[in-house]
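S.K.: What follows is each chain in one-letter form.
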Amino acid sequence: MADLTTSFLGISSPNPFWLASAPPTDKEYNVQRAFEQGWGGVVWKTLGEDPPIVNVNGPRYGAIWGPDRRLLALNNIELITDRALDTNLEEIARVKRNWPDRAMIVSLMVPCEEAPWQKILALVEQTGADGVELNFGCPHGMSERGMGSAVGQVPDYIEMVARWCKQHSKLPVIVKLTPNITDIRYPARAAKKGGADAVSLINTVSSIMSIDLDNFAPTPTIDGKGSHGGMCGPAVKPMALNMVAEIARDRETAGMPISGIGGITTWRDAAEFIALGCGNVQVCTAAMTYGFKVVKEMISGLSDWMDEKGFATIEDFRGRAAPNVTDWQYLNLNYVTKARIDQDKCISCGRCHIACEDTSHQAITSMVDGRRRFEVIDAECVGCNLCVNVCPVEDCITMEQIAGTDPRTGKPIPEEYDNWTRHPNNPMAAEKKQHAPAPVTMPDAAE
Amino acid sequence: MADLTTSFLGISSPNPFWLASAPPTDKEYNVQRAFEQGWGGVVWKTLGEDPPIVNVNGPRYGAIWGPDRRLLALNNIELITDRALDTNLEEIARVKRNWPDRAMIVSLMVPCEEAPWQKILALVEQTGADGVELNFGCPHGMSERGMGSAVGQVPDYIEMVARWCKQHSKLPVIVKLTPNITDIRYPARAAKKGGADAVSLINTVSSIMSIDLDNFAPTPTIDGKGSHGGMCGPAVKPMALNMVAEIARDRETAGMPISGIGGITTWRDAAEFIALGCGNVQVCTAAMTYGFKVVKEMISGLSDWMDEKGFATIEDFRGRAAPNVTDWQYLNLNYVTKARIDQDKCISCGRCHIACEDTSHQAITSMVDGRRRFEVIDAECVGCNLCVNVCPVEDCITMEQIAGTDPRTGKPIPEEYDNWTRHPNNPMAAEKKQHAPAPVTMPDAAE
Amino acid sequence: MNAMTDPARPDIQSGRLPAEALARGFSDLHPALEPHEVLVEADRCYFCYDAPCMQACPTSIDIPLFIREIQAGNPIGAAKTILSANILGGMCARVCPTETLCEEVCVREVAEGKPVQIGLLQRHATDLMMETGHHPFERAAPTGRRIAVVGAGPAGLSCAHRLAMLGHEVTIFEARPKLGGLNEYGIAAYKATEDFAQREVEFLLKIGGITIETGKALGRDIHLADLRRDYDAVFLGLGLAGVNALGLAEGEDQIGTRDAVAWIADLRQTADLSELPVGRRVVVIGGGMTATDAAVQAKALGAEDVTIAYRRGREQMNASPYEQEVAATRGVHLRFNLQPKRIFAEHGHVTGIELERTRIEAGKLVLTGETVTIEADQVFKAIGQSFVADGTDGEGAGIALERGRIQVDAARRTSLDGVWAGGDCIAEGEDLTVVAVEDGKIAAMDIHSALTAAERVAAE
Amino acid sequence: MNAMTDPARPDIQSGRLPAEALARGFSDLHPALEPHEVLVEADRCYFCYDAPCMQACPTSIDIPLFIREIQAGNPIGAAKTILSANILGGMCARVCPTETLCEEVCVREVAEGKPVQIGLLQRHATDLMMETGHHPFERAAPTGRRIAVVGAGPAGLSCAHRLAMLGHEVTIFEARPKLGGLNEYGIAAYKATEDFAQREVEFLLKIGGITIETGKALGRDIHLADLRRDYDAVFLGLGLAGVNALGLAEGEDQIGTRDAVAWIADLRQTADLSELPVGRRVVVIGGGMTATDAAVQAKALGAEDVTIAYRRGREQMNASPYEQEVAATRGVHLRFNLQPKRIFAEHGHVTGIELERTRIEAGKLVLTGETVTIEADQVFKAIGQSFVADGTDGEGAGIALERGRIQVDAARRTSLDGVWAGGDCIAEGEDLTVVAVEDGKIAAMDIHSALTAAERVAAE
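Residue numbers (the working numbering), protein chains in the order written: chain A, 1 to 447; chain B, 1 to 447; chain C, 1 to 460; chain D, 1 to 460.
Source of the hints: derived by calculation from the structure; they are not laboratory data.
Here a beta-carbon is modelled for each residue, glycine too, at the ideal position from N, C-alpha and C.
Treat the hints with caution; some may be incorrect.
[What the hints assert, rightly or not] Dumping the calculated DSBU-like pairs for lysine-lysine here, alpha-carbon to alpha-carbon at most 35 Å:
#1 D:Lys206 <-> A:Lys309
#2 B:Lys119 <-> A:Lys225
#3 A:Lys345 <-> B:Lys309
#4 A:Lys296 <-> C:Lys114
#5 B:Lys345 <-> C:Lys191
#6 B:Lys296 <-> C:Lys80
#7 B:Lys345 <-> C:Lys114
#8 A:Lys345 <-> D:Lys191
#9 C:Lys299 <-> D:Lys341
#10 C:Lys299 <-> D:Lys364
#11 A:Lys96 <-> D:Lys80
#12 A:Lys296 <-> D:Lys114
#13 B:Lys119 <-> A:Lys411
#14 D:Lys80 <-> C:Lys299
#15 C:Lys206 <-> B:Lys309
#16 D:Lys191 <-> C:Lys114
#17 A:Lys432 <-> B:Lys119
#18 B:Lys432 <-> A:Lys119
#19 C:Lys80 <-> D:Lys114
#20 A:Lys433 <-> A:Lys411
#21 D:Lys80 <-> A:Lys309
#22 D:Lys191 <-> D:Lys114
#23 D:Lys114 <-> C:Lys114
#24 B:Lys433 <-> A:Lys119
#25 B:Lys193 <-> B:Lys119
[What the hints assert, rightly or not] Partial pick of chain C residues on the chain D-facing surface, computed with a CB cut under 8 Å:
#26 Pro35
#27 Glu109
#28 Glu112
#29 Glu325
#30 Thr329
#31 His333
Take these sequences, add in the hints, and give me the full structure.
M.R.: Below, the structure written as structure tokens:
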């Protein structure tokens, strides 16, 4: 049985699954139920100064759905906690006392001045919480007041606030980053410069989920009007993976502990974030969609996969994928693949054919010997993978590396690695092939 | 029968459905097939300087899928056209000649110097194309060479290139914007300042679709390595709607024609973009998933809906939703809703209950009189809409505005509109309630 | 209610079942999908390339497109897509043997054994269209041409509608009092409930330009020579008026022995089914859809024992496996390899039937000599129908036949100039509503081409 | 092959069908899902709160969780979830009447009439687990306690496995040569193909700590008093050894009349089914699952006419609507309201059966006097089984019974100290494998508690 315990910034938790700062972590009642189901830790929903803000009294959440009304993403216009600071602090203290083995992080958002930060940090320390997370990401409501993503989009502010927090508290400090930014590496670097112990990402993505075509207003609609909100859920995972990878392989921030957030729904999503270097993951949408019990699948799934692969601990595979993230110009141009269709698995929907015929390279038949049959024409196939992506059957179409002569170009495929950096068509071609910079090594997240 | 014709920047097309600059518009063969199915126009896949770039010879596309393997998003590491400039120009001229009623826009990306732009614009004009689109968005491959999003992320460059294009060509100029930016309004303003006629957005979102957990590399994987790509498809639509709305309601850019792009899959998606002010829409992923025939649903759907609503032309509803996009602080706090569960439609899955109980406000029962039954407890319900979003049955749970006393607070609900700007809990409360700025009016896209 | 009867007398009576059991037995075989079911089902469609379902549909409905229109929230658009290929798409959604047409080849059937429920989705869209009260098509400018359509079954109606849409004036002649043909008189009641056949005819006629003459039989009230003279074209959608006989030495004319087709027509025209008598023990002879329709309806009327006796094996039955399943699960006993030999009667009334066991030997059906007797109060014959050529002897030699039915070419032209034909009465007829609809549509398009060409020639 | 037989002699013979038809008839009733089908089906689960399916499962398998584990690509985890609640989850996936348990209450059934195919998903996961060759559970530290389990049916096996897992030493005594109980001897062959019952027993025993003693019948080879003396606890999973009789005046002892249960056991133990004789015309008396299992298998062996005669109406049948449908669509004739009156015989051999029609009057079944005769070469009785108390008379008064079966409390304790019981032999027994498994599990947990409590008391 694999050991799922993690020690992130020295904060231990029985598994890497934390609940992100969000409605599910707003109250003792909820967090209590989460711990009962097995969550490893929580980031308590963001505290602010009294008097607490108020929320709208109409719909706060929007969504997009896929076929069969499956939730692809949630969006919210909810603000930070709307309960009194004292109430939250009391509950945090009590929950931590009752669940000493679980991680308790407190999310914070106060105005961008030293005094309010100093004050609230002292209060949080008294609760026995394990650390704080600085909410620099919330893209709506608070940002108009100069908080949340209004800070997170300015690296200098991040650095400044992080520094105050480290000065005024001995608690580990995690900076939560907004994805609504041109280059995620800048705020991450700023967090590091300010002395923050870790970054967590991504916060929600500024979005309008849909327009109600009957009343011509964004959803969720409040009295005929709507504002943008922050999107989370499966749809944002690819953005999050990319941003995590950017930070993980940036020389300035490499090795900085990362808590991964963004559409994590199953054990596999979590394993992917961890493979990129995350020390743990935070979840929100999956819990809001299905209830806290979903963590059971995540725990068993991660554990069973680790057993199967022979990983005894999380550290055994953490960060393994980071060195394999590279830039386009270092990809091997001599790696040639062709699509292969498993005729036994093929259900003859023909989507591979029409996708290729209409929108790509006319490399898949629709008829062979007068019968409906879909076969790859190697002389046309560029190996682009589109057919794999549109096929409704898993593993029916796969990409196979070929050697020898490429039937498309009629030219031999060189065996050695080569890339764009010295390609004759590259106007900036170097004399010699350039190699990707040596991958950054990841220290333990435990630090 | 509604009239679907549009005149965007004076370029007419029989319907507002254009194919975006992407693999489906890379060749005469493909574009020809697209026009046969009824597409209103195309933006020809981005041309660059000779010699043409080369693509990887392995997988270029990645994807994420929802349940039942439905494609939620595609991602690509393909570059601009890899065919010779002359070939493309010849084909563009021929297709335009054969299909004079369809819109033909040519996407361009050359180095950030005046001469290459001047040169390529002259060549494009000779084809008879209707306009050009400047590709400032592509987030991979080209950006490392100082093109694509490397330009699009710097408003000054956008302005400069736009100005060159307007100087050296009489063709309408559309600037395509990258969403990988902190504030989309800045590049849009720069495009306008540079004299561009329109913006189109969004280009793809920098992403890593997934990590292959067997070989610990990003997908698509080239010889064990992977780089980030650009994501498109249904998952990015909410980001796109928000960015379109930001530009549509920005005082500096309001009224600038917009071509909407981002996850448009059905007529309804298109209508939403148009309702926010877009003069037309561009599609890619839906065509790559299902083939060009999908446009037939878009055309019939938009037409039938306009008939039903009594809209004779696209202009009759274009921009109607833009005035209803506002900022959070102007939302009506006196608009109070409660969830209502239609017991006849309820299938008793209980997801509303557990979502509310675990992660929200404990406002939905699971048992009534000893029987499994899900009812809203008005005294607890904050009207957040989460139950609506997680319910698998359409219209089973709805939000209903209430008047009189709110059973949750026990307080009367004022009838008049009120908002955060003068709320007692707002530390920056104004003396008087502030109203949202008057909505910007939209001039005709036809200009 | 079911009073003990004199065992000596055959037991044929009405009112065997309480009203609610009767209603249950005759309720919609495939009830309409609920809105939620529609969305779930529509979302299953993969939007296949050159979809097998569409290829399998005799009217080539663009099934992936109409399902995608439903997915996208545009069921009216879906209905237009359906009806533009098949104006009787509503009835076809109910009566098509989808399990051997579109749904049999659905890739979801291949992949999961569970096809997308195309028929029910088609019904959903067309039902919604009909509920709007609007007709979705408009007539082209009047051509001034007049066409006679003989027979108001699916072929005739389809032909008339398409011709009217193309701007022609159409007169439909129908021998029976109501339009619809087998839709009205021939199909099991539980397949087209709530007077659907008539509602669909009304919907279809809203196109305009179609004049109706009922009670006009060809060869009796109207004559082909006159029609050819008075109209620019004639379309014959005559159906099959004859019924095959068992050809038994004795008993076939006893009271209690009936043609299943006629009995179903009676049933369809009976307003109160509690008044329709049925035997306590019923034997249906035959292996096609008429046999299963008759047997299941006899059971639904309250017959205690209902047996279908078919002379060949299960695999040879024309009724689809699904139809067989409906019969079997509703309590009909399906028996195979039994060939009728003699119908027993007492006092002129059927009491049973003797059948002889058959066997396949060297690919041929042979009798074994062994007999089986099944007691019965009623015996229904459902062994096929035949074309009756009355009235088609236009001028001189009359119309050419092929295998006993009207010979037509690919455009549904008969051997007589200016006369087209379609539906069950043509040699290629498949006894399927959807095929008849396609015949009518093809003939209409060809009539239109012919008249247009004639016009062009005249103009030159 | 089917040579003409002397009509005077009953026709009971083997080899009625060619090998491939036989193989088809006895092939898996629900073939395993293909990998693609698994994914499509698993994705349909909504992960309901306090899921109705889970509530309906007698062993309370966490169905939403195991399906989610399948969705997430972890079928082995799914199998562990299943087996931790029900160690015979593999067999239950095959034989549970899911249509009246988990799948009946699935919200997809409510919403679409198409439940998630829980049984087949369960089979997929457990099959994969068994293919790995590994046993997923480990035994707790040895407790030094010894428990006797009498009967190696589902209850006994379940109890033994759980006890072994908890660290106890278990000895199973079984009267028959093979373990498995009805899984091995009683279930229709097409529900548990490829020797699954034995493979599952092997898988289960891999937990270790279980000693097997076959050929040991209670009251004959072993005695309750001895077991109580020699073991720390005794679990009785005895099943039902008796078969109800028709109680007819004549014919019940004729050759050709058999208990369906015994016939099925013979069939299950017949290696080459082409050697098993079956009547040409078979009548099965009864209305439960044994009746349908016997009838369908008789048909699958090649019987020409197979009739189930049940004395009440269709609604009262214990066999589920799905079981009825399987029988009907495979050609079994289901007849209702027929009570056996007399079995006809010639030369000591069955030739047919006379039944009297029944009717419900004022809620009671009454005879109508009217009779029906069905010719038959074989008559199978499937009218229920009974508990035989042999050997349970431990000391003095013996074990308390209730309604003819062993009386137990909620923890499955009998009236005798240190003796637990479960499965069909207890008063609450439901003749369902899954209920027996739960009995064994509950008893094991209670035995464990009792022994642990005893230990604590002893230690104090």
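S.K.: None of the hints should be skipped; say for each whether it holds.
M.R.: Quick rundown of the hints versus the structure:
{"no.": "1", "hint": "D:Lys206 <-> A:Lys309", "result": "holds, 24 Å"}
{"no.": "2", "hint": "B:Lys119 <-> A:Lys225", "result": "violated, 48 Å"}
{"no.": "3", "hint": "A:Lys345 <-> B:Lys309", "result": "violated, 45 Å"}
{"no.": "4", "hint": "A:Lys296 <-> C:Lys114", "result": "holds, 31 Å"}
{"no.": "5", "hint": "B:Lys345 <-> C:Lys191", "result": "holds, 27 Å"}
{"no.": "6", "hint": "B:Lys296 <-> C:Lys80", "result": "holds, 13 Å"}
{"no.": "7", "hint": "B:Lys345 <-> C:Lys114", "result": "holds, 25 Å"}
{"no.": "8", "hint": "A:Lys345 <-> D:Lys191", "result": "holds, 27 Å"}
{"no.": "9", "hint": "C:Lys299 <-> D:Lys341", "result": "holds, 26 Å"}
{"no.": "10", "hint": "C:Lys299 <-> D:Lys364", "result": "holds, 24 Å"}
{"no.": "11", "hint": "A:Lys96 <-> D:Lys80", "result": "holds, 32 Å"}
{"no.": "12", "hint": "A:Lys296 <-> D:Lys114", "result": "holds, 27 Å"}
{"no.": "13", "hint": "B:Lys119 <-> A:Lys411", "result": "holds, 33 Å"}
{"no.": "14", "hint": "D:Lys80 <-> C:Lys299", "result": "violated, 49 Å"}
{"no.": "15", "hint": "C:Lys206 <-> B:Lys309", "result": "holds, 24 Å"}
{"no.": "16", "hint": "D:Lys191 <-> C:Lys114", "result": "holds, 21 Å"}
{"no.": "17", "hint": "A:Lys432 <-> B:Lys119", "result": "holds, 31 Å"}
{"no.": "18", "hint": "B:Lys432 <-> A:Lys119", "result": "holds, 31 Å"}
{"no.": "19", "hint": "C:Lys80 <-> D:Lys114", "result": "holds, 29 Å"}
{"no.": "20", "hint": "A:Lys433 <-> A:Lys411", "result": "holds, 21 Å"}
{"no.": "21", "hint": "D:Lys80 <-> A:Lys309", "result": "holds, 18 Å"}
{"no.": "22", "hint": "D:Lys191 <-> D:Lys114", "result": "holds, 21 Å"}
{"no.": "23", "hint": "D:Lys114 <-> C:Lys114", "result": "holds, 10 Å"}
{"no.": "24", "hint": "B:Lys433 <-> A:Lys119", "result": "holds, 31 Å"}
{"no.": "25", "hint": "B:Lys193 <-> B:Lys119", "result": "holds, 23 Å"}
{"no.": "26", "hint": "Pro35", "result": "violated, 11 Å"}
{"no.": "27", "hint": "Glu109", "result": "violated, 12 Å"}
{"no.": "28", "hint": "Glu112", "result": "holds, 5 Å"}
{"no.": "29", "hint": "Glu325", "result": "holds, 5 Å"}
{"no.": "30", "hint": "Thr329", "result": "holds, 5 Å"}
{"no.": "31", "hint": "His333", "result": "holds, 5 Å"}
Hints 2, 3, 14, 26 and 27, counting from the list given before, are not met by this structure.
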